Every structure is written in C-alpha cells, then in structure tokens.
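Line order of the protein sequences matches chains A and B.
Under numbering that gives the first Met the number 0, think of the first position of the first sequence as 0, with each following residue one higher.
Under numbering that gives the first Met the number 0, think of the first position of the second sequence as 0, with each following residue one higher.
A portion of the hints provided could be inaccurate.
With a Cα cut of at most 30 Å, we get these calculated DSS-like pairs of lysine-lysine [stated by the list, open to error]:
1) Lys68(A) <-> Lys227(B)
2) Lys11(B) <-> Lys398(A)
3) Lys11(B) <-> Lys61(A)
4) Lys11(A) <-> Lys29(B)
5) Lys4(A) <-> Lys68(A)
Simulated from the structure, these hints should not be mistaken for lab results.
Note that the structure is a prediction, hence the values are computed from the model and not measured.
Protein chains: 2
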Amino acid sequence: MALNKKPVNGMKDILPEEMQIRDYVISVIKETYGKFGFTPMETPCMENIANLCSKQGGENEKLIFKVLKRGEKLNLETATTEDDVVDFGMRYDLTVPLVRYYSNHSNELPSPFKALQIGNVWRADRPQKGRYRQFMQCDIDILGEASNLAEIELILATTTTLGKLGFKNFEIRINDRRILKAMAAYSGFAEEDFDNIFIILDKMDKIGLEGVEAELVESGYNKDSVEKYLGLFKGMNESEDTLAFIEEKMTGFIEEDVKASFREIIESVKATKGDHFELVFDPTLVRGMSYYTGTIFEIAMPEFGGSCGGGGRYDKMVGRFTGKDVPACGFSIGFERIILILMENGFKVPNQSRKVAYLIEKGVAGEALCNVISEAQKARQDGTQVLVARMNKNKKFQKEQLTAEGYEEFREFYKEGLKN
Amino acid sequence: MALNKKPVNGMKDILPEEMQIRDYVISVIKETYGKFGFTPMETPCMENIANLCSKQGGENEKLIFKVLKRGEKLNLETATTEDDVVDFGMRYDLTVPLVRYYSNHSNELPSPFKALQIGNVWRADRPQKGRYRQFMQCDIDILGEASNLAEIELILATTTTLGKLGFKNFEIRINDRRILKAMAAYSGFAEEDFDNIFIILDKMDKIGLEGVEAELVESGYNKDSVEKYLGLFKGMNESEDTLAFIEEKMTGFIEEDVKASFREIIESVKATKGDHFELVFDPTLVRGMSYYTGTIFEIAMPEFGGSCGGGGRYDKMVGRFTGKDVPACGFSIGFERIILILMENGFKVPNQSRKVAYLIEKGVAGEALCNVISEAQKARQDGTQVLVARMNKNKKFQKEQLTAEGYEEFREFYKEGLKN
Chain A
0 MALNKKPVNG MKDILPEEMQ IRDYVISVIK ETYGKFGFTP METPCMENIA NLCSKQGGEN
60 EKLIFKVLKR GEKLNLETAT TEDDVVDFGM RYDLTVPLVR YYSNHSNELP SPFKALQIGN
120 VWRADRPQKG RYRQFMQCDI DILGEASNLA EIELILATTT TLGKLGFKNF EIRINDRRIL
180 KAMAAYSGFA EEDFDNIFII LDKMDKIGLE GVEAELVESG YNKDSVEKYL GLFKGMNESE
240 DTLAFIEEKM TGFIEEDVKA SFREIIESVK ATKGDHFELV FDPTLVRGMS YYTGTIFEIA
300 MPEFGGSCGG GGRYDKMVGR FTGKDVPACG FSIGFERIIL ILMENGFKVP NQSRKVAYLI
360 EKGVAGEALC NVISEAQKAR QDGTQVLVAR MNKNKKFQKE QLTAEGYEEF REFYKEGLKN
Chain B
0 MALNKKPVNG MKDILPEEMQ IRDYVISVIK ETYGKFGFTP METPCMENIA NLCSKQGGEN
60 EKLIFKVLKR GEKLNLETAT TEDDVVDFGM RYDLTVPLVR YYSNHSNELP SPFKALQIGN
120 VWRADRPQKG RYRQFMQCDI DILGEASNLA EIELILATTT TLGKLGFKNF EIRINDRRIL
180 KAMAAYSGFA EEDFDNIFII LDKMDKIGLE GVEAELVESG YNKDSVEKYL GLFKGMNESE
240 DTLAFIEEKM TGFIEEDVKA SFREIIESVK ATKGDHFELV FDPTLVRGMS YYTGTIFEIA
300 MPEFGGSCGG GGRYDKMVGR FTGKDVPACG FSIGFERIIL ILMENGFKVP NQSRKVAYLI
360 EKGVAGEALC NVISEAQKAR QDGTQVLVAR MNKNKKFQKE QLTAEGYEEF REFYKEGLKN
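The following block holds chain A by itself, in its conformation from the complex (with noise of 0.2 Å):
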C-alpha cells in the first residue's frame, strides 16, 4: 500500500522560500529582543492534562490535541471518558508552560526573569484557509517586575522588532482591564455580567456604537446602565485627549496610583519611541483571555484586518502553581501573520554571502573531483555559499533554476578539465 503524500489535515510543510523568510524573522527577533536582556527559554512542546484543562485557557481548552496513555497505563476496555485514556497534551500557548517553567525552576533564574520564547502550538481548529492547526508564537514575558517598566520595555521591545523587519504605520492599542470594569461599575452594571459586557463591547470595531447598544439592550443590562455606558464611549469621541476625559470620569472607580502608572506607560513609550508606529489609547480594547489582571494591548496592522499580536499583564497566574503570585505581563507577536504579510509583500531576506554553483561531469572522478572539492573547501572557508552538483543533461535548465534559487555565478568542470 502506497503510503500518504500529505501532511496531516490542517498542518502545513514549510517549502524552503518560506523557509528562509521564517529563519530570517527568527533571526532578527532573536537579536533584537537580546538588546533587550530577554533571554531563550524553552519547555516540552507537552504538557500534563491538567495543566492544560485548567480554565487557563479559555475556548483553546476545547481545542487540545490529546496524547494517548502508553503500555499499562491504558485500559481501552474499562474506558469512558477522554480522561481515562490520555495523560499528556500538546500545548495551544507559551503562556501556561511559561508559568509552570517559572514555579518550577525560579530558584534558578534571574529576577525579574525576562523570557524570550518561540515555539509551536497546537489547536485543533477546523481547518480553514491560512489557519493551521500548529503554529508558530513568539512571546516576550517579563515575570517578577510588579512596576510598569514591564510594560514599557515588553512595548519597547516589541516595536523596535517589527520596525527591524520593516513595518511602520502601526498602532499599538493599549487599555487596561480595572478601566474596563471601572466603566462598567461607573455604568452601574453588577460585577458578575462585566464579562459579557466585555465580549459585547469587543465588538465595537465591527457592530459600532449603535451594534453595541442593541446588543447589550437586548441581552437585557438595564437600560439607564446601558446609556450611561454608551455616553461614556460617545463623550470620549468627542473629546479631545481620550484618557484625560476617561480619568475624570472614573475618579472614584479606579484607584490613583493605577491611574498615574498607566498615563506613565503612554507618556513614557510615546515619548522614546521611534516614528514608524503609534500608541493609543483604546478603552473598547478588550483582549479574550481571562487571566489578565491589569495592562492589556494589541497590535493593528493596516496591511492585515485583524489583530497582529498583544499581551497584557496577569499577576495572578503563578499563585495557581506555587500558591504565592508573582507580578507578570507579557506580550506576543503574531508570528505566523508577520511571516503572512512579508511573503504577500514580495520579502526578499537580504543575501548574506555569494553563491556560486560548481557544476561538475559526470565523468570528472578520482583526483580531478578531488580537486574540484577541494576548492569548493577553500571558497566556503572564505564565506562562499558553494553548491557542487553533477551536471545535468540539461544544463542549461540547470542553470536556470539554480539562478531562481539565488546562485549568481557558475563554474563547469569537464573531464578535459575547467571550461569557464
């Protein structure tokens, strides 16, 4: 039986012209995050099921590749359940094994620890057209820093990075959860529907003002609540610095200090940062997963609809491993849309040294190959990218499609010896 040519549904084979592109950004992220002082770490692409299944993870819970018990440990008889059959899974972040990597070896690390991770994940989504089922993320975590130069130097660093591989004219969007719920408290919606009202309010970029006050009326908020909300959004449009009229209007509902830290983030970033970006406050900003716990942000490409990474803080997540929290906030770069939108954008990743192919006869063997070999030693040693190749019939074809792939200079070496 002929076996199966494809890769399995919903994965993808990585051809080498995206190849180089991916190793390419891996390269630069690698450098640039370094200046930066954040250090490559790395866990298990597994993680136990319990880690995984923890209300950590929002809706990727439901989407977990599940890894089959082995030998004795699995009973396919007696079994019922998932549970009963499986004990590992394939992570769907960085985030949860970064957490448990930090509990486990924080002893051994600096402090605070600034991480740098890239790695795969895995969700078994349906598969749809440029969504993978493994990806690829690329996450930046400071843990243990409780002030908000997190924040500015994960911003800093995040920005200096897609500035180095040439996007500009991008917004970072920043809002912090305890002003979503101060709005909300100030609305006088009761604290267990904020989560609701957060996935209805996240909606804002698609439905408008308008989408939003039918949906929220229609859910049933009362409806004084749900128009002193609203009047909050509308009153900001029209204002002219956003967060100064959202600082007044909360006085009471949110605490000073939190208040001053986050205009210092906005002022501190806005005032070092390069030009080919801008930071702005967004208190429609609502960001999916439950764990964070203060500064929340994104980032908007006009070369790609929907978010292109973000991040937040969530000091409470190491207290679920070691029972003791541990300040921390990260920020993810949307990995797999960047390497999207280079390669819609025709990226070439710039050569790095010349390369020359040595086309060798067929019938050059014994001393005459080995000093065709020889040379090709001594050219890579030099810093050549040297391919040696036998000579095919068509050589001509040859030469074309090593031209495709980036060889500029060729040298043909025949029985009778070098002929150009």
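Keeping the supplied structure of chain A fixed, place chain B upon it in accordance with the hints.
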C-alpha cells in the same frame, strides 16, 4: 488545587544557560550547512499514524506518542484497539517526514534537493538519565543525487560543522550495506539470516571477535561459515590496507562500480578534509535502520562512548510514497549529545555584544524615566545589550547576579540623577 510544576515525565525544561549554547550551535549549523547549499525546511511535528507505523522506523515504531481522535471521530464506547482511537502520532525521526515532504512537493523543489532539518522528535522510551522523550535532531539529506557526490558532500558538511564547534580528534566510520552483505554471502550464510548476523556483528565494539564468534555459533549458524566470516575480520586486522584486503576478497560478491565508488568517497574525503578528524573504513559498522541500501556512516567521539550521529544511503524510501524510487542519502548529527559534551566541557558562547545594566531607583518617574529609557534605546541601536531594571533593595546582590549573567557594566539612576 495547585497545578503541577514539573514538566511531563521524561521531558525537560531548558534553562537559559543551556538555551544559549543550543541557540549558538543551531546558528553555527545553519550557517555552515548553508555554505554547502543546504536549504532549511520543516514538516509538522505530527504525521498520519499509518505513515509512522509502516515498518520504516524499526524499534522506534513501538515508542510513538499517539494523538487521540477528536469530536465525532472518537468513539470510546465501541473502541477496542489503539487504532480505533488515534489518527495522528508524534514523529520519532526526521527521515520519514522528509521523504513524505519530498514525495508531496518534488515538483516545487530543486533537483537534487539538499535539505537541512532541525526539529524535535518524540519517543516514549523509559525515562533515564541524560535521555529524554523529546529531543532535537539535526539532519542533512540529499535527494535525487545518485552519485557518490552526495556522500562526499554530506561527510564534508557534517565534519566542517563539527570543526566549527571546536570538535577534533573524532572519527567518521564508514561502511556499505553491500559490503556487509557481500561478506556474509562470501562466508556462505543464507540471505534470510543476514539481518540477524549483522545484529550480532554490531556488538564487536563491546564483546570483541571471540564474543561475536561465540554468539554466532550459539545462534546455530554453520560453523564453517562462522569461521570463514571471522577469518575475514582477522585477516583485515592483520592487513595493512583493510579496504584493499576486502576489495580483493569480495571480488565476485560485489559489483566493481560499487567498489570503485566506495573507494572514491574515502579518497576524496581524505584528500579534502581538515586534520580535525579521521575517516576510517569499518567493516563491522552496521547501523540499525533497515531502510539503508548502500553507504552507511557514523560519528565516533572520544569524549563520548557511543555514536554522536550517523547516516547513510536509502534509495528505496521515496518509492514507498510515490511508487518511484529516488536516490537519497542523509547524515544526522546527535544534537543532544553535542550539547551535552559542550556543557560538560564548560563551553562558553562567544560574546556578541557589550552587556550593560541600567538600574533605576524606585522613585524615578515621569520625564526622568523617559530620559533613562531613551538613552537605553540609543545604546541598543548602537549594538549594546541594555537591561533596564528597577534597582532592588539589595543592590549588591542584584549586581552580583547580573555579573554572573554576563553584565559587565552598570549604570545607576536615582531620583537625584545619575550616580555613576
């Protein structure tokens, strides 16, 4: 309930110190193999389970981490065997996925295709010291090159890379499955016994000539054949030129062009290699995988008991996917062993840039903070690695820690201004 801080049983978290070395080794590998024209490529970490269980992986097929079916496809009630409940599996090597990839994309790939793969593989081995159930492999392969240029280039590329990583005094042992078979045929063994005889021969390193002889006799093979077989190895040990000895003895049992090609590989590599390793013909070299069809080779490091990598020619594997054979040859570096040896030797990654830590007193805020960050951004642009951190109460300890991390210079920022 507190979550589990440990990685899954048998897999490991990689701490920053090791990660630095891994990243450095990967960059040297990519750069050096790149100079030989090898192109990075990648496949998903999962494969269809039927591809993994097709008898190409030998013993590894017993060690597959299998992935549970999802949704409607999973029916635990009626399931009686593992096949009923799984559809994918984690790859246990990079060769099966490479061949599937090549079969799927050969029209889009150059010919010959020189592939570089660096990626994790998984094997559900019994956990033991220094051996992990997720580990990295690093393979180069040439598909579509029938001539011995493939072997020569693979050996030179691999040994050049090892040299760049500082390895010396190692050996590349080389043999050919066809020489192995010719020697067994010459001795009068039946072809169906070859595999079993080679398994015993493979122990020569450990149990010596007498041990191999005893095991062969014990297994019930014809005593004359055993004597003739062992006579070959004794004869070689006494002869000055092992290869010439075998070439002469095997006349009639091996094709002349196979002989000539094998000799050419050895002579070409010897004539062009550096002096950091030796290439040695080793007629006792077997290599486990049954898919090898010709040349086989292995890296033997003095610092390490066992093999540190190996490979060979496997001309019949693409045909399993496409019905049409394509010549193929590969060389795999034992990545994890390389890392282990470097770690044990106290290897330090060469410093890429100056590392400076800016320590900021807690009270520094507003414009003063902006100034510090702005300065850090400028220094980073000029190539310096700058860590911006809040000053700890125990500043002395903090500086000691940072010094251990490689920070060579400190700048301290106080409310009253810069101190040093």
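Evaluated hints:
{"no.": "1", "hint": "Lys68(A) <-> Lys227(B)", "verdict": "49 Å, violated"}
{"no.": "2", "hint": "Lys11(B) <-> Lys398(A)", "verdict": "46 Å, violated"}
{"no.": "3", "hint": "Lys11(B) <-> Lys61(A)", "verdict": "26 Å, holds"}
{"no.": "4", "hint": "Lys11(A) <-> Lys29(B)", "verdict": "22 Å, holds"}
{"no.": "5", "hint": "Lys4(A) <-> Lys68(A)", "verdict": "27 Å, holds"}
In the structure shown, a violation is registered for the earlier hints numbered 1 and 2, in ascending order.
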